[in-house]
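> Protein chains in written order, with this note's numbering: chain A, 252 to 751; chain B, 709 to 1211.
Check before you lean on any hint, since a few could be wrong.
[Said to hold, decoys possible] Straight-line alpha carbon distances no greater than 20 Å define the calculated SDA-like cross-link-like pairs of lysine to any residue that follow:
#: 1; chain 1: B; residue 1: K765; chain 2: B; residue 2: S778
#: 2; chain 1: A; residue 1: K344; chain 2: B; residue 2: T1078
#: 3; chain 1: A; residue 1: K649; chain 2: A; residue 2: E666
#: 4; chain 1: B; residue 1: K1071; chain 2: A; residue 2: G638
#: 5; chain 1: A; residue 1: K395; chain 2: B; residue 2: R1041
#: 6; chain 1: B; residue 1: K1071; chain 2: A; residue 2: F347
#: 7; chain 1: A; residue 1: K649; chain 2: A; residue 2: G638
If you're looking for bench data, these hints aren't it; they were derived computationally from the structure. If you're wondering where the values come from, they're calculated on a predicted model, not measured in any experiment.
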Amino acid sequence: MTSVADLMDYDEVVARFDPMLGLEVHVELHTKTKMFCGCANEFGGEPNTHVCPVCLAAPGALPVVNGVAVESAIRIGLALNCEIAEWCRFARKNYFYPDMPKNFQTSQYDEPIAFNGYLDVTLDDGEIFRVEIERAHMEEDTGKSLHVGGATGRIHGADHSLLDYNRAGVPLIEIVTKMIPGTAERAPEVARAYVSALRDLLKALDVSDVRMDQGSLRCDANVSLSPKDSGVLGTRTETKNVNSLRSVERAVRFEMTRQAAILAEGGEIVQETRHFEEASGTTRAGRRKETAEDYRYFPEPDLVPIAPSREWVEELRLTLPEMPAERRKRIKAEWSLTDAELRDLVNADAIDLVAATVEAGATSVEARSWWVSYLMQQANTRGVELGALPITPAQVAKVVALVNEGALTNKLAREVVIGVLDGEGEPEQVVEARGLKVVSDDGALEKAVDEALAAQPDVADKIRDGKVAAAGAIVGAVMKATKGQADAKRVRELVIARCS
Amino acid sequence: MSLIRSTAAELAAKIHGGEVSAVEVAQAHLDRISSVDKGVNAFLHVDTDGALAAAKKVDDDVAAGRPVASPLAGVPLALKDVLVAEGMPTTCGSKILEGWHSPYDSTVTRRLREAGVVILGKTNMDEFAMGSSTENSAYGPTHNPWDLDRIPGGSGGGSSAALAAFEAPLAIGTDTGGSIRQPGSVTGTVGVKPTYGSVSRYGLVAFSSSLDQAGPCARTVLDAALLHEVIAGYDNMDSTSIDAPVPPVVAAAREGASGDLSGVRVGVVSQFSGEGYQPGVLASFEAAVEQLRQLGAEVVQVSCPSFDYAMPAYYLIAPSEASSNLARFDAMRYGLRVGDDGTHGAEEVMALTRDAGFGAEVKRRIMIGTYALSSGYYDAYYGSAQKVRTLIARDFDAAFATVDVLVSPTTPTTAFKIGERVDDPMAMYKADLCTIPSNLAGNAAMSVPSGLSADDGLPVGLQIMAPALQDHRMYRVAAAYEVARDAAQGGPLIQRVPQLEGI
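Take the sequences, apply the hints, and build the full model.
The following block contains the structure:
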C-alpha cells in the first residue's frame, strides 16, 4: 500500500519532471454478432448462453471474420484520421488463461487495419491539444472469470473460479496513441479529455455503447516521468482497471506523484502493470511475473488477409457523421451559447438530447433549461445518467408545447414530467390522469376571484383605488384555491376587470 | 465377388438397383470388422446402430422409388477420428480427448451424411495426426494388413488399413505432410490430398491449419473421385475454403480409364531418388513411369531444387501452428482433467492435464513450435521456413509451366516394422520426404499403388501431383495408370492382400 508519505506533492512533481503519456483504449463494438461466430453480442445474459463451438474453442471449430466489425474498424480509423491498410492480417497472441477458450487471442500484431492518425482534443479552457494515434486494430474479447473464495477476488488464492464465456469473442478495437509529450501539469487533464473525446467520437460513429461502467470502453494508461527538460525517457507503468473518465485523470495524477517520489529518492521505477483502485484513488502493482511474457505472435492461419479496396474505404468515409468537435462548434453558434453553457451541456452529456428536443419543436433555450436543470436534478436523484431517464426528447418537447399553449403552467409542467418519469404514460395522459389541466374556464375563475375579493375587502378596495400592485394578494389566493391549476396571468386580468 | 471386396462404385450400383440392400452391405462390413479388427486395430469406435440406421434410410429411398441422395448413397465409409461427428466420440488418437463427444458435425461429416454415405465408425491415427506410422496413437498401433508386424503408415493408418483389410470400401483421411498418401502407399490403396481449401476444414481438429487437408481414401481411383466430389466444395464456415467449382474429378477418372494419355506431359521430380530410397521402390517407380510413357504420355525430368528444404521448413511451420492449435486442450471446457482435487490452481490443472494427456511426439512438436515462434528466434525459424515455402511454391509453378503433372515415389520405403523407427524421429520424418512439398505449396497430390516391391513384396505408391484446382489432371493420369497396371500385373493389386480371417 502506498502511503501519502510515499507521494510527492503534485506541484513539485511538475516542477521537477516531464510526464510522458501513452493511452490504450479497448472498445467493444456493438455489432449484432461476435467477431468470429454468429453468437449474439449482448452485455449480460445468463452465463454461458451466448456461446457456440467457435467461441468455446471446441476442437475443429474455425473463425470467420464479422464483416460489420471490419467496417466499424475502418470507420473508426478514418474518423481518427488514420491511414487504412491496403492489406493486413490477424495474428495469434499466445498465452494461457482459463477465460480465453483457445488460449490465444486472435488479434492484429504488426499489420493493424488503421495506423498513423490523430485526434484533436479540446481541453477545459478551450485549448486544442493534438493526440497522435499509433494504430487501431481489431481483436476479440476474453470471457469473464469470477474467482471465488480468495481475499482479493483475484485468481491467486481463490478456492475456485467460475467462467462465463458470453463475452468471449466479442469484437474489440484497440486504439493506441503514440507517446504523448508536452502535457506537463496538464497530463491528467489531457488523458481524461482524450478518452472523453474518443468516447464522443465512437458514440457519433454509432459503433459501440461506450459504457465505461459496463466495460465496453476500457482505458489503460501508460505513464512515465523524466527529469525536467532532460529529454530522457523514463520507465513506464501501465495502469489498468480505469473505469471512468474521472478515474483516468486520477490514475495518471496518482502515478505521477508515486513515481516522482521514488525517483526523487534515487529509486527505480519497475516496468509493470498496475491496477487502479477506485475507492482510494491509488494504483497497486499487479502480480509480478518472473519472466517477461512472450506471446509468440504469428499470422493467424485460419483466416485470410483483409484487403479493403480503396473504393470501399472511400464509401465508408462518406458514412462518417459530423465529428463531435465540429458539431459542438456549429451548435455553439446556432444556439448562441457561451463557453460555459456549452461546457455544461457537454458535461451533462446533453447535446444529443437537447438537439433532439429542438428537432421535436422546442427552442434551444427551452430544451436546454429542461435537460440541464430539472431533468439533470431528476437524473441525480434517481442515480442514473441523463440519457437513461425514461423520458424522450419528443415528450419533453410536448411538455414545452403545452406550456406555450397555456395548457400548463411551469409548475404543472414539472409535475407532468414526474408523471412521465414514473411511467404514467405520455404527457397528455399524465395531464388527464392527474387532472393537471390549467383552469381556463372564466366562469369558474370569476367565481374564485369574487370569493377571494369578498374574503379580503380591504385589498379589494385598494385595487379599486387604483393600487394595481395589490392585485397580487388576490391572485395568490385564487391560485391557492385552484391548487395552482389556474393561469396566473388570466387571473390577474380578471381581478383587475372585477375591480374597475 | 463378395460384398466386402467390391468397389464403392459396384456397391452403389447394386444398392441403387435394388440388387442388394444398404443394410446388408453395412452388416457385411460390420461383420468383417468384428472378425478382423482385433488384429488390425483400424477402428477406435464402431457405430453399429448409426451405420445401420443410415443404411436403412437409403434402402427406404430405393424401396419408395425416390432418387438416392448421391452416387455413393448406401456405401459404407470409415472416418478418421480427427473429424468430429455428433453421436460418436472424437479422440484424435489422444488420451486428452478420451470420451469426448462433439456437439456438432464437421462439414465433411455433414456432407457425407447428406450424401447417404454410411459411416461405420472412427479410425485410428497418430495422436493429433502427428506421425507416419500410427504408432503414436494413445490406443495402440494399427497393423498393416499386408503384414501385421508392419506399420500401416500414418497418421491415417487406420483409414488405409481399413480399406486394405476390406473393413470399408471408402475412408476419409487428412493430410498435413503426407498422412493420406503415405498410408495409401504402404497399404496398396489410393489416397488423395485435394487442393488446399477445396475440402472444408470446419470440424477437422487442427494440427497445422495452413497445411491440413481432408481427402478421400479408396481402393480404386474412381472410388476416390466419387468420394472427392461428395466432400469437396465451398464452405462459409472455413475462411480458407476456396469459392470455386469442384474440379471434375469423376469425369477425369472415367476419361483416364480409357487408357490414353497422349498429349499429357509428365515431369519426374529429379530430387526424389537416390540415397535413402529403397531399390524396390525405385524399380517400381521406374516401371510406372515407363507404363505412363507407353500410355502416350511425354515424360521429362524436372528439377525442383527447393524441395530439398521442404522437410526442415515443414518441421518448423507445422509444429509452430500445432503449438498454438493444441493450446485449447487445457481441461477447462472439455476432455481430460487431471489434478482438480482442491489442492491445485487452474494453471496447475492445465499443466498436469497436458502432461498426462499428450503423448511424447505431441509434446516434442509443441516444444519445437513454441521454440520456433519465441521472441528472438521467430525470424530465423518460422520466418525462414515461410520463405522456403514461397520458394517451393515457385518451383511448382515453374515445373507446371512445362508439364501437366509431376510424379515421384510417394514414400522412400515400403512399410517398416512396428517399433523400428520409434526411437529415431528423423528416420520417421523421412517417410514424408516426397509428400511434404505439396502441403507447403497447397497443390493437389495423390498416391496410387504401383505394385509390390521386389525387395520385400510390400506395396509401393506412385505419387502424382497437379497444380492447385487442377485435381482432375492427376485423376486422369492415375486412372489410366491403374488400368495399365492391373493389365500388366494380372488384376487389381489389392486383391493380393493376405486373407485375415480368424486372426
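> Could you run down the list of hints and mark each one as holding or not?
Results of checking the hints against the structure:
no., hint, verdict
1, K765/B with S778/B, "holds (13 Å)"
2, K344/A with T1078/B, "holds (12 Å)"
3, K649/A with E666/A, "holds (14 Å)"
4, K1071/B with G638/A, "violated (55 Å)"
5, K395/A with R1041/B, "holds (14 Å)"
6, K1071/B with F347/A, "holds (16 Å)"
7, K649/A with G638/A, "holds (18 Å)"
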